[in-house]
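Q: Read off the chains here:
There are 2 protein chains.
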Amino acid sequence: MTGPTAHPPTPEARPAPTAPAAPLAALARATGPGALLTDPADRARLATDRSGHRPDGLPLAVVRAGTVDDVVATLRWATAHRVPVVPRGAGTGLAGGATAGAGTVVLDLGGLDRVLAIRPEDGLAEVEPGVLTAELDRAARALGLRYAPDPASAESATIGGNIATNAGGLHCVKYGVTRDAVLGLDVVLADGSRLRTGRRTVKGVAGYDLTSLLTGSEGTLAVVVGATLRLHPLPPRTGTAAAYFASPEAAAAACAAVLDAGLRPSVLEFLDAATLAAIDRAGGAVAAGGQSFVLAQTDGFAAEAEIEAVAAVLRRTATRVEATAEPATAERLLATRRAALPAIERLGRVLIEDIAVPRSRLAEAARGLTALADRTGVPVFTFAHAGDGNIHPIVLAGGQDPAAVRETVDGIFRLALGLAGTITGEHGVGVLKRPWLEAELSAEGVALQRRLKAALDPLGILNPGKAV
Amino acid sequence: MTGPTAHPPTPEARPAPTAPAAPLAALARATGPGALLTDPADRARLATDRSGHRPDGLPLAVVRAGTVDDVVATLRWATAHRVPVVPRGAGTGLAGGATAGAGTVVLDLGGLDRVLAIRPEDGLAEVEPGVLTAELDRAARALGLRYAPDPASAESATIGGNIATNAGGLHCVKYGVTRDAVLGLDVVLADGSRLRTGRRTVKGVAGYDLTSLLTGSEGTLAVVVGATLRLHPLPPRTGTAAAYFASPEAAAAACAAVLDAGLRPSVLEFLDAATLAAIDRAGGAVAAGGQSFVLAQTDGFAAEAEIEAVAAVLRRTATRVEATAEPATAERLLATRRAALPAIERLGRVLIEDIAVPRSRLAEAARGLTALADRTGVPVFTFAHAGDGNIHPIVLAGGQDPAAVRETVDGIFRLALGLAGTITGEHGVGVLKRPWLEAELSAEGVALQRRLKAALDPLGILNPGKAV
Chain A
0 MTGPTAHPPT PEARPAPTAP AAPLAALARA TGPGALLTDP ADRARLATDR
50 SGHRPDGLPL AVVRAGTVDD VVATLRWATA HRVPVVPRGA GTGLAGGATA
100 GAGTVVLDLG GLDRVLAIRP EDGLAEVEPG VLTAELDRAA RALGLRYAPD
150 PASAESATIG GNIATNAGGL HCVKYGVTRD AVLGLDVVLA DGSRLRTGRR
200 TVKGVAGYDL TSLLTGSEGT LAVVVGATLR LHPLPPRTGT AAAYFASPEA
250 AAAACAAVLD AGLRPSVLEF LDAATLAAID RAGGAVAAGG QSFVLAQTDG
300 FAAEAEIEAV AAVLRRTATR VEATAEPATA ERLLATRRAA LPAIERLGRV
350 LIEDIAVPRS RLAEAARGLT ALADRTGVPV FTFAHAGDGN IHPIVLAGGQ
400 DPAAVRETVD GIFRLALGLA GTITGEHGVG VLKRPWLEAE LSAEGVALQR
450 RLKAALDPLG ILNPGKAV
Chain B
0 MTGPTAHPPT PEARPAPTAP AAPLAALARA TGPGALLTDP ADRARLATDR
50 SGHRPDGLPL AVVRAGTVDD VVATLRWATA HRVPVVPRGA GTGLAGGATA
100 GAGTVVLDLG GLDRVLAIRP EDGLAEVEPG VLTAELDRAA RALGLRYAPD
150 PASAESATIG GNIATNAGGL HCVKYGVTRD AVLGLDVVLA DGSRLRTGRR
200 TVKGVAGYDL TSLLTGSEGT LAVVVGATLR LHPLPPRTGT AAAYFASPEA
250 AAAACAAVLD AGLRPSVLEF LDAATLAAID RAGGAVAAGG QSFVLAQTDG
300 FAAEAEIEAV AAVLRRTATR VEATAEPATA ERLLATRRAA LPAIERLGRV
350 LIEDIAVPRS RLAEAARGLT ALADRTGVPV FTFAHAGDGN IHPIVLAGGQ
400 DPAAVRETVD GIFRLALGLA GTITGEHGVG VLKRPWLEAE LSAEGVALQR
450 RLKAALDPLG ILNPGKAV
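One line per chain: the protein sequences are A and B, in this order.
Using numbering that gives the first Met the number 0, read the first sequence as starting at 0 and increasing by one per residue.
Using numbering that gives the first Met the number 0, read the second sequence as starting at 0 and increasing by one per residue.
Just chain A, with the same shape it has in the complex (with noise of 0.2 Å):
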């Protein structure tokens, strides 16, 4: 699979500040052996994250933290000589948030890389941050847990860089996003001085939900070293069905008629006549005739029963469905939904968009989608996380007239604002959306977040630019 691309240049960030001769060699004795790195092609490698932005310039340096201290000693000195420090993940990020230019330093906290420990008798997992997200699932699994949050970049994404976008994936739908997993925090703020927040139990109201606050900041208000995790039962059995709808309106309504039935599946996918298209090119196994797909996962006590019960609904509307409990056709008709962005990046460099609509205006979306690539002749590619009106325009950008992209990329944005919904469901603001949070926060709302981070990072040491 290859990577998508940057979005077409946008009115820049404000410049971070530039470090007036940083004196390298104290940070490099403050922090462990072999942690800072100066040569230029890791500065350059460690510069940009998945969506392929690039600012201007390279950072000073790189420090792979090996331990907390490491992060607590950068934090230290780079308040002392007022540095920006952007921390990082594993770089799956696709809206720029860990992009690094020049004047800052790269705080990596791939190294810390533990699950400390995992709790069954409690249901949670305390963890440090460079745990990849697919590990801590599988390190659940082998206890007979689960972590519920499951986004694409499951594999090769970091629990810190989850929590610093507020993560999504196909679960959310039933277990709810990153931020709903989250229970507390080990962070060290922007002075070097570290704080726990939350909590080891389910409920608790004592004090303000920093940890809340923090989840989704993107690195702009505390670098989170460490985590307690909510953890599920790992479900004993699943069942999946798969639809084929005449329009998007048919598999909008009959995802929203699943789920005003009462019934909780743990996925539910959509995906719109070009994906579909696309993957019948690819060669993929695509139902003829299908013009929209739905795709319905269910877990549980009752996995069976409930798959039966979401199929019973799906088939009042569809033109064919299909429903099983068993493993082998479950993987083929998972194979249709896996399929789809593999098949649209053949085509060509994709910007990959994730916005969101309340649940009612998805149909209304999936066609204004449709309609703005006609105008634009920009080829947009729809599917979505359909039981949470979240939606994942690709917008493809190889081969095509640069301004038109641009266009199709703001209509998806003003689409999203247009129809009561937001311009990120789950990737995050980074530096790429930033010229459109104002229209969805209001200034008034802007000015507040700005308060809230001058609060936590008097000196604008986390982060600058990302986000707020």
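Each hint should be verified, as a subset may be incorrect.
Said to hold, decoys possible - Listed below are the simulated SDA-like cross-link pairs for lysine to any residue, each with C-alpha atoms no more than 20 Å apart in a straight line: (1) A:K173 <-> B:H231; (2) B:K173 <-> A:E120; (3) B:K173 <-> A:P234; (4) B:K173 <-> A:R145; (5) A:K173 <-> B:G261; (6) A:K173 <-> B:G175; (7) A:K173 <-> B:P119; (8) A:K173 <-> B:R229; (9) A:K173 <-> B:Y174; (10) A:K173 <-> B:P232; (11) B:K173 <-> A:G261; (12) B:K173 <-> A:D259; (13) A:K173 <-> B:D259.
Claimed, not checked - Here are the simulated distance ranges between beta carbons: (14) A:S441 <-> B:A79: 18 to 28 Å; (15) A:T318 <-> B:E303: 26 to 36 Å; (16) A:A281 <-> B:R236: 36 to 46 Å; (17) B:P119 <-> A:A403: 38 to 48 Å; (18) B:P341 <-> A:P235: 38 to 48 Å; (19) B:R314 <-> A:R113: 36 to 46 Å; (20) A:T66 <-> B:G376: 45 to 55 Å.
Unchecked claim - Residues from chain B that face chain A, not an exhaustive set, calculated with beta carbons under 8 Å: (21) I117; (22) D121; (23) D208; (24) G420; (25) I422.
The hints are simulated quantities; they were obtained by calculation from the structure and are not laboratory data.
Beta carbons: idealized from backbone N, C-alpha and C, even for Gly.
With chain A held as given, fit chain B onto it using these hints.
A: Relative to the frame of chain A, chain B by itself:
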């Protein structure tokens, strides 16, 4: 049901700043006709909440807001004249969060009581803050939906108060707390400016999560004048099971086993031996020899099958289990849980405490509370939302030595913190729990909370001396 009474005296919060000759005439002109109450009887009546705590002196006045403009005008006036404002819902709080002393103005939001819209197509409601929790639920039920958070005070508490305390209830084990139901807020800031937070979509990561920060902030960061709330489909069926166990350890282990089996009960409650004895004494129907009681409910598409699965787990270790999907029988089983607080309150004035511990420490907490009562001689009755580890120790204060009651209350909080728990699971900190807050959050944690408070309310207008 008689109300609980105040905690024993605790180290007092710093006194609120007093207003030198606050020009109430200007406030009367700025608010709607009849909105300003200055009669001492009104001021006394609205100066406390269900905690019974009374600060020194009476508030200067009460504004009964009839419109959002009244709220804006009150906060502008308060900012201009540096007068602290105590926002207030129905005054059902148990931690003294809505108590108002000399020099303050009470801002009563109970009159903003409209359900503005229920949107079944998006599974959400838009409400004003004075709507009673149970009324919203009834309005939702008429459309086949439900508002899940169900604090014991649902019939008399307001949504605004629920948001201020991040209220819980019996359904949290499956549906989450109030914070999980709040998608967006319409608030007035301390200076009288308005702001919308959040969104109408299920997912969204544009900007910091102000909605979560404000939920549970006990009126110290902003005044909620509107909320967008998530609704769930009304389950067509429920199942109910009641079980008796020989020990709290057996009961707690059975509750954990239910959750570990991947079952998702919508209610999972625990009563201890002292509570069962009180119900027995009050003439309630308690099974002979029952030492610990567990009540479970299921809902959703397979409620009958799921309650049978729950009962099967409970039967492994219970002395007696009864399960039903039949409403009349369910009512009988529920009666024991419902009888608990009234039976205890017959014995005298009570303090309703609210700690939470990791799920695995529930039995230890129950044993610890029994030992504490034995040590201090003050009766303590324990019931718990077992699925969340959220425990309500009920302290019988009436007729007891005040010093022993104080020692008991202190012992409850120390016990919670010693078991890696929290001093408040769902009631809030208010004024009464502030003395124990630093022991839970650390001095650094409290300092950071105060920085956030200062960022949003630099003059300290909003509910000073509460929560942080």
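Q: Please verify whether B:K173 and A:R145 have alpha carbons no more than 20 Å apart.
A: At roughly 17 Å apart (the allowed maximum being 20 Å), A:R145 and B:K173 satisfy the hint.
Q: Could you say whether the range 38 to 48 Å given as a hint is met by the Cβ separation of B:P341 and A:P235?
A: 41 Å, holds
Q: Within a Cα-Cα threshold of 20 Å, do A:K173 and B:R229 meet the stated pairing?
A: Holds. A:K173 to B:R229 sits at ~14 Å (cutoff 20 Å).
Q: With a cut-off of 20 Å on the C-alpha distance, tell me whether A:K173 and B:P232 pass.
A: 14 Å, holds
Q: Is it true that the CA of A:K173 sits at most 20 Å from the CA of B:D259?
A: Holds, at roughly 17 Å.
Q: Given B:D208 as an interface hint, is the shortest Cβ-Cβ distance to chain A below 8 Å?
A: 5 Å, holds
Q: Holds or violated: B:K173 with A:P234, Cα cutoff 20 Å?
A: 16 Å, holds
Q: For the pair we were handed, A:K173 and B:Y174, check the Cα-Cα distance against 20 Å.
A: 11 Å, holds
Q: Please verify whether B:K173 and A:D259 have alpha carbons no more than 20 Å apart.
A: Roughly 17 Å separates the two Cα atoms, so the pair holds.
Q: Does the alpha-carbon distance linking A:K173 and B:H231 stay inside the 20 Å limit?
A: With a Cα-Cα distance of about 12 Å, the restraint between A:K173 and B:H231 holds, given a limit of 20 Å.
Q: Regarding A:T66 and B:G376, is the given constraint of 45 to 55 Å on their beta-carbon distance met?
A: Given range 45 to 55 Å: holds, Cβ gap about 50 Å.
Q: Quick one: are A:T318 and B:E303 within 26 to 36 Å, going by C-beta?
A: 33 Å, holds
The structure shown violates just one earlier hint, number 21.
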